[in-house]
Structures are given as structure tokens and as C-alpha cells.
Amino acid sequence: MANMNPKRNEMPTQDPHVRNHNFLEVTLGYTEEQAIDEANRCLHCKNKPCVTGCPVQIEIPEFIEKIKEKKYEEAYQIIAKTSSLPAVCGRVCPQETQCEAKCIRGIKGESVGIGRLERFVADYHNQNSNNESNFAIQKNNHKVAIIGSGPSGLTCAGDLAKKGYQITIFEALHLAGGVLVYGIPEFRLPKKIVEKEINELKKLGVSIQTNVVIGKTLSIDELMDVEGYEAVFIASGAGLPRFMNIPGENLNGVYSANEFLTRINLMKSYELNSQTPIQKAKKVAVVGGGNVAMDAARSAKRLGAEEVYIIYRRSLEELPARVEEVEHAKEEGIIFKLLANPIKIIGNENKFVQGIECVEMELGEPDASGRRRPIEKIGSTFTLDVDCVIMAIGTSPNPLIKSTTKGLETQKFGGIMIDEKTGATSRPGVYAGGDAVTGAATVILAMGAGKLAAKSIDEYIQNK
Amino acid sequence: MNKIINKKSLNQTVTLMVISAPLIAKKAEPGQFIILRVHENGERIPLTIADYDKDKGTITIIFQIVGATTEQLNHLNIGDCLHDFVGPLGVPSHLDGLKKVAVIGGGVGCAIAYPVAKKLHQLGACVHTIVGFRNKDLVILEDEFRNVSDQYEVMTDDGSYGMKGLVTNALENHLKNNEQYDEVIAIGPLIMMKFVCQLTKEYNIKTMVSMNPIMIDGTGMCGCCRVNVGGVTKFACVDGPDFDGHLVDFDTAIERNKMYQSFERKERETTCNLYRKEVK
Chain E
0 MANMNPKRNE MPTQDPHVRN HNFLEVTLGY TEEQAIDEAN RCLHCKNKPC
50 VTGCPVQIEI PEFIEKIKEK KYEEAYQIIA KTSSLPAVCG RVCPQETQCE
100 AKCIRGIKGE SVGIGRLERF VADYHNQNSN NESNFAIQKN NHKVAIIGSG
150 PSGLTCAGDL AKKGYQITIF EALHLAGGVL VYGIPEFRLP KKIVEKEINE
200 LKKLGVSIQT NVVIGKTLSI DELMDVEGYE AVFIASGAGL PRFMNIPGEN
250 LNGVYSANEF LTRINLMKSY ELNSQTPIQK AKKVAVVGGG NVAMDAARSA
300 KRLGAEEVYI IYRRSLEELP ARVEEVEHAK EEGIIFKLLA NPIKIIGNEN
350 KFVQGIECVE MELGEPDASG RRRPIEKIGS TFTLDVDCVI MAIGTSPNPL
400 IKSTTKGLET QKFGGIMIDE KTGATSRPGV YAGGDAVTGA ATVILAMGAG
450 KLAAKSIDEY IQNK
Chain F
0 MNKIINKKSL NQTVTLMVIS APLIAKKAEP GQFIILRVHE NGERIPLTIA
50 DYDKDKGTIT IIFQIVGATT EQLNHLNIGD CLHDFVGPLG VPSHLDGLKK
100 VAVIGGGVGC AIAYPVAKKL HQLGACVHTI VGFRNKDLVI LEDEFRNVSD
150 QYEVMTDDGS YGMKGLVTNA LENHLKNNEQ YDEVIAIGPL IMMKFVCQLT
200 KEYNIKTMVS MNPIMIDGTG MCGCCRVNVG GVTKFACVDG PDFDGHLVDF
250 DTAIERNKMY QSFERKERET TCNLYRKEVK
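Going down the list, the protein sequences come from chains E and F.
FYI, in numbering that gives the first Met the number 0 the residues of the first sequence are 0 to 463.
FYI, in numbering that gives the first Met the number 0 the residues of the second sequence are 0 to 279.
Read the hints as simulated data drawn from the structure, not as lab findings.
Nothing here was measured: the structure is a model prediction, and the numbers come from that model.
Glycine included, each C-beta is placed from N, C-alpha and C at the ideal position.
Hints are supplied without guarantee of correctness; some may be wrong.
[To be verified] Okay, derived cross-link-like pairs now, PhoX-like style, lysine-lysine, Cα gap no bigger than 25 Å in a straight line:
| no. | chain 1 | residue 1 | chain 2 | residue 2 |
| --- | --- | --- | --- | --- |
| 1 | F | K265 | E | K281 |
| 2 | E | K267 | F | K163 |
| 3 | F | K163 | F | K175 |
[Said to hold, decoys possible] Among chain F residues calculated to face chain E with C-beta under 7 Å, some are:
| no. | residue |
| --- | --- |
| 4 | Q11 |
| 5 | C221 |
| 6 | C223 |
Kindly produce the complete structure, drawing on both the sequences and the hints.
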């Protein structure tokens with residue numbers, strides 16, 4: 000019997016006033032009862048609108064059906080056919096604008112909690128699987144190199160490895176996972192889960208070489224001409240953090256979100272035995288309104304900051320972060336200063352931050368992005384006393400590969416140019432995807448690009 | 000994992016290590032750096048490449064023991080491995096076409112100035128080396144520099160070796176005597192580079208400096224290593240570490256390097272205490 004409750008099962012979470020002092024995962028995941036109850040809300044539509052909303056086309060009604068039958072491992076195998084990172088996506092995908100946005104149940108109530116069910120299934124698998132890979136792989140002796148071990152690279156690696164390719168991933172940092180390990184905080188995506196997903200890939204025979212910077216240690220030309228890789232997928236991610244170019248940005252206590260989050264997530268600076276330092280700020284201003292800004296603000300709170308502000312120049316409606324992240328941030332006591340824009344960071348005599356001067360904004364006519372353009376309100380400046388400022392206003396693509404690879408065309412903003420249907424770059428055999436192409440975007444879009452590239456690389460090599 | 004092939008103490012606080020790293024050695028050029036971690040919970044620290052041997056596949060690093068990480072690094076011995084070793088990072092120094100160059104090294108900065116002098120010498124340039132140390136006991140790489148320099152001068156703060164004074168005194172003497180340099184390359188403490196640049200600006204001689212900001216990834220991701228160059232924010236890891244010294248805002252760079260001073264002092268004490276306990 001279908002469960003016709005218009006409301007979805009609530010996600011159990013840690014109490015906001017407890018969790019804003021620890022780095023443990025915020026959401027706890029459905030119990031088996033909740034998962035079955037939620038699965039029963041799925042009407043199993045014939046035309047599967049949810050699947051059209053998924054960048055990697057997971058067979059959503061099919062896996063939900065298996066939950067109804069309590070066949071969780073089978074549900075997992077259905078997801079794993081198209082997604083290399085189910086436990087990750089179940090946590091960080093913006094389902095509300097993708098699969099769940101298309102769910103029929105969403106018309107007269109709340110859509111089925113597809114992401115929450117995906118997470119339930121993935122966690123069940125991780126706790127109960129026998130660690131044996133279920134894919135019988137016929138090796139085909141073709142070598143493919145993947146640059147970067149973030150979501151795009153991992154997805155491409157998984158798909159190609161399942162087809163029998165010999166895959167080597169080159170990672171610049173000392174740990175694989177890309178933004179999943181340096182960017183997204185532990186409380187939103189436990190690193191154990193990322194490690195587990197990466198181990199699944201290793202079981203498929205994927206080799207991961209850390210501490211290799213393509214463009215420096217090795218070039219793409221060497222990979223193809225000397226090392227014998229027939230194709231290369233560039234998934235090197237977003238690069239240099241943007242700053243606002245306002246006075247005071249080089250004061251001590253001004254971080255890019257990338258730096259702040261890397262110190263916390265990759266280098267574990269909040270743990271006693273970590274040797275990587277981080278400022279223990281009392282009052283923190285985070286500039287920006289995306290998921291990264293929310294991550295930085297909530298991390299700052301957990302490090303012990305008493306007051307944490309989000310400064311965003313548009314209104315709540317335009318906030319680009321996921322609704323769930325914004326809600327969680329509010330519950331945890333993050334203060335939103337909307338319609339405000341920093342104009343100056345103020346330092347003390349020792350060149351450490353002591354305040355941020357902002358100006359109030361109002362919204363005018365829509366601009367090229369379709370969002371209403373923020374305009375300064377003359378004479379409305381105000382100052383917040385803070386000792387730390389975190390800039391979370393995006394990144395521009397990393398120049399390393401572009402500057403060392405001949406014949407690789409890039410867009411004006413630095414993103415690698417590709418054929419959108421195939422992911423092919425201007426260099427034969429070289430494909431690209433994820434943030435290296437689009438600039439900062441989401442995990443699932445990067446995964447979609449990795450999937451597309453895997454398909455194109457397979458066709459390219461088979462037709463050679 | 001990269002193995003330590005050789006280790007030598009150059010003075011009380013400065014150690015040289017030769018590390019096996021064939022891929023990095025193959026690409027390394029003067030001016031570039033590596034990032035290393037000593038152990039799993041260690042921090043990532045950048046060290047400029049002091050020398051490289053492409054045939055043997057080795058990279059030489061020279062470091063001063065200033066913090067917890069360098070303390071731990073110094074406790075490793077021949078045959079031990081570094082947990083992580085990545086590079087070569089940064090843009091190589093532009094040395095082609097230079098005919099006559101003054102290479103200025105200050106303290107442990109000499110470790111970075113040496114490969115620059117060596118390469119210039121190989122390229123056929125006339126190299127005037129001026130190095131500065133606090134006292135005689137701290138002098139490093141003297142023979143190495145002499146082998147690649149047309150002129151070699153040591154300055155010490157207390158006059159215990161070479162001439163008493165600062166590197167800027169020696170350089171100013173040359174400039175006053177109408178010595179013509181295509182370029183001055185200054186590598187050492189920020190304050191030294193700042194004063195070298197003030198001097199060479201008066202004489203209008205192009206001066207390159209090697210910046211050593213705090214870094215994490217070293218590949219253009221975190222933005223920690225930003226340096227104000229001519230009013231524009233540059234990232235030392237991908238745009239540098241060499242910059243036109245006449246455009247660098249040294250005062251901000253000096254302040255930025257103090258960001259974690261108190262933390263570092265504490266970490267080092269903890270580390271030293273740990274080693275002391277081990278010795279007991």
C-alpha cells in the first residue's frame with residue numbers, strides 16, 4: 000500500500016546546540032522503519048520524472064522498490080550501476096533541485112526523500128557488504144589517465160574501470176578525494192565514507208598516485224607520448240580562490256574559504272595531534288552565500304567562535320546555498336546579514352583583523368544572470384567587530400594544466416573548452432569535466448561530466 | 000614515500016638532506032620548491048629546492064630548524080622516508096640571457112641562492128655572490144658558492160668572518176664603483192630582501208626576490224600564499240615564488256608570516272619536550 004502522507008519522514012539530526020560544538024555528522028540517517036515508510040511514498044510512476052532530474056540517471060523507482068521489499072543490497076547494486084559514489088551523493092547532492100524537484104508527490108505535498116533513501120541504502124551496503132566487488136571485469140589493456148581524484152575523476156575512473164580499462168588517477172594532494180576531503184566538512188560528509196567509496200574503486204583495479212602534480216611533476220604530453228596513456232581526463236577541479244579586491248584583504252585573519260576549509264578538513268587542524276595551525280577566532284564574518292560559505296561558517300562555529308556572520312549582498316531568496324544547509328546554519332546560530340556587502344576590512348596595530356565595514360544593499364532590476372542586481376544604499380555603512388574574515392565568493396580555474404599543455408583551448412575565464420556532447424577538449428584524446436570546465440559547481444554535476452567523459456573515452460578508444 | 004639518501008649538518012641549526020625523488024629531479028629547476036610532510040599528522044611545509052641531480056634522481060633540501068616540523072624532519076636519518084614529497088612547484092627562475100648578475104644570499108636563504116648561482120654560471124654569466132650571516136659559525140655552502148662565482152664575498156653581522164656589515168653594504172660598494180649588473184637576485188630574510196630592493200631601486204637595477212609565504216597545498220588552491228605585487232594579489236605557489244622585488248609589498252609579507260607565530264612556538268616546545276623524553 001502506498002503511503003499517502005503528504006509529509007516526508009523527517010531526517011533525524013543531532014541537536015543544533017550540541018552539534019555546533021562538534022564535527023560529527025549532523026544528519027543521522029533514516030532507520031530501517033523510516034526508510035521503508037518513506038519508500039512506500041513512491042508511486043512508481045511509469046514515466047519516471049525523477050530519473051530525468053538526475054545528472055547520472057540513477058534508476059530511482061527501481062531502487063526504491065527494492066527498499067520496499069527490504070532487499071537493500073539489491074537496491075544498492077541498482078544505484079551502483081550508474082553512480083560511483085552513492086553514500087556521497089545521498090549526502091551532498093542538491094536533490095531538491097534535481098530528482099526530488101521532478102517527483103510527482105511534490106505537487107501536492109513533499110516529494111519522496113530520494114536522497115535520504117539513497118543514503119540509507121549506501122550506508123546499509125557499507126555496513127553489511129562483504130567487501131567483494133560484484134563486477135566481473137574483463138581487462139582490455141587500454142590505459143587511461145585521470146587528473147584529479149575529486150567527484151568527476153572518481154566517477155570517470157569507476158565507469159572506465161568497470162569496462163575493463165587500466166586506470167591511473169593522479170592526485171596533487173597527499174590524500175585522494177579532492178573537494179570531498181579538502182572542501183566539504185566532516186559534519187556533512189564523514190571522511191570515512193569518502194575513503195570507503197575510494198576503496199571500492201581500488202577494488203575495481205583503479206590505481207591512485209598521490210603527490211603527483213600534472214603540469215609540474217608530469218605533463219599531459221608525457222602521459223600520452225611516454226607513459227602510454229591513450230586518453231586523458233582532466234578533472235583538476237576549481238582553482239585559485241577569488242578575493243574582492245577591497246582594502247585589508249591581506250590582513251592576518253583573512254582566509255579564503257578554500258584555505259580555511261583545507262586547514263580544517265584535509266589537515267584536521269581541529270584535532271589535538273594535528274600540526275596544522277588555525278586561528279581560534281571569536282567573531283567571524285563569512286562573505287558569500289553558497290554552500291561553501293555555509294560550510295565555512297558552520298566550521299568556524301564548531302571551532303569555538305561565539306558569533307559567526309554570513310554576509311551576502313542579495314536577499315534570502317537569491318541565496319545560492321541549498322535550503323537544507325541554510326536551515327542547518329540558522330539552527331546552529333549563524334547570523335545572516337543579508338543585503339550587505341563588505342567594502343573594507345579593518346586591522347589593528349599588529350595587522351590582524353578587528354572589523355569589517357559593510358554597506359547595505361537593495362535589489363534593482365534583474366541582471367544577465369536573471370537575479371535582481373544588488374545596488375548600494377548610499378550612506379548606509381556599518382561595521383561588524385570580527386577578528387576573522389573568510390572569503391567564500393568562488394574560485395577561478397587552476398592555471399597549471401592550461402599553461403603546460405599545448406593545444407588546449409580555454410575560455411576567457413580560464414575554464415577548459417569542451418564539446419558539451421562528449422567532453423572532448425581541443426586536443427585529441429584529451430577530455431575534461433567538472434569544475435576545471437565549468438568553474439565552481441556541484442559534486443553531482445562534476446560526476447555527470449565524469450560519466451559523460453567515460454562514455455566518450457570508451458568510444459574514442461574503441462574506434463581508434 | 001621518498002627515502003633520505005644523505006644527511007649532513009651544515010651548522011648548528013641548518014641541515015642538508017638528499018632525498019630520492021626521480022620524477023621531481025627530472026623536472027626541477029632553480030627557484031622551484033617542494034612540499035613535504037614528515038608524518039601522517041604533519042603539516043605541509045614548502046622548501047625551496049637547494050640542488051638536484053637528474054641522473055641520480057635526487058633532490059637536495061636545506062632547512063633551518065625553526066618549528067615543530069623542521070625539528071621532526073631533523074630527527075630523521077639516512078634510510079628513513081618522508082611521508083609525502085611533492086613537486087617541483089612554482090615557476091623556475093628566469094635566468095636565460097643574463098650576462099652579469101649579483102646573487103645575494105642571506106642566512107639559510109643561501110640554500111636557495113646557490114642553485115641560481117650555479118645555473119647562471121653554467122649559462123656563462125658572470126656571477127658576483129654576496130652572502131650574509133650573523134657570525135662565522137653560521138656560514139654555509141662557501142665552497143659550493145666559490146666554485147660557481149666569479150667573485151664571492153661574505154658579510155657577518157659581528158665581523159667574525161669576511162667583512163663586518165650587511166649584504167647591502169657590500170652591494171652598495173659595488174654599485175658606487177659603477178659595477179653594472181643586468182640583474183640582482185636577492186634571496187634571504189624578507190627584511191634583507193626589502194633593503195636590497197630599496198638600494199637597487201635607487202640605481203634602477205632590476206631585482207628579483209624569492210618569496211617564502213605560508214602555504215598549504217602549493218598548487219594554486221588555497222590562496223594562503225598571496226603576495227601583493229605592484230598592487231595586485233599574486234599567489235606565490237603558481238605565480239612565483241620569484242617576483243620583481245621593486246613591486247613587492249614587503250611590509251605586508253613580513254606581517255603575514257607572523258600569522259601563526261605563537262602557535263608555532265608552542266608546537267615546537269611540545270615537539271622538543273617529546274624528543275627530550277625519548278632521550279631519557
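Going through the hints against the structure:
no. : hint            : result
1   : F:K265 - E:K281 : 20 Å, holds
2   : E:K267 - F:K163 : 47 Å, violated
3   : F:K163 - F:K175 : 18 Å, holds
4   : Q11             : 23 Å, violated
5   : C221            : 4 Å, holds
6   : C223            : 5 Å, holds
Going through the hint list in order, the structure does not satisfy hints 2 and 4.
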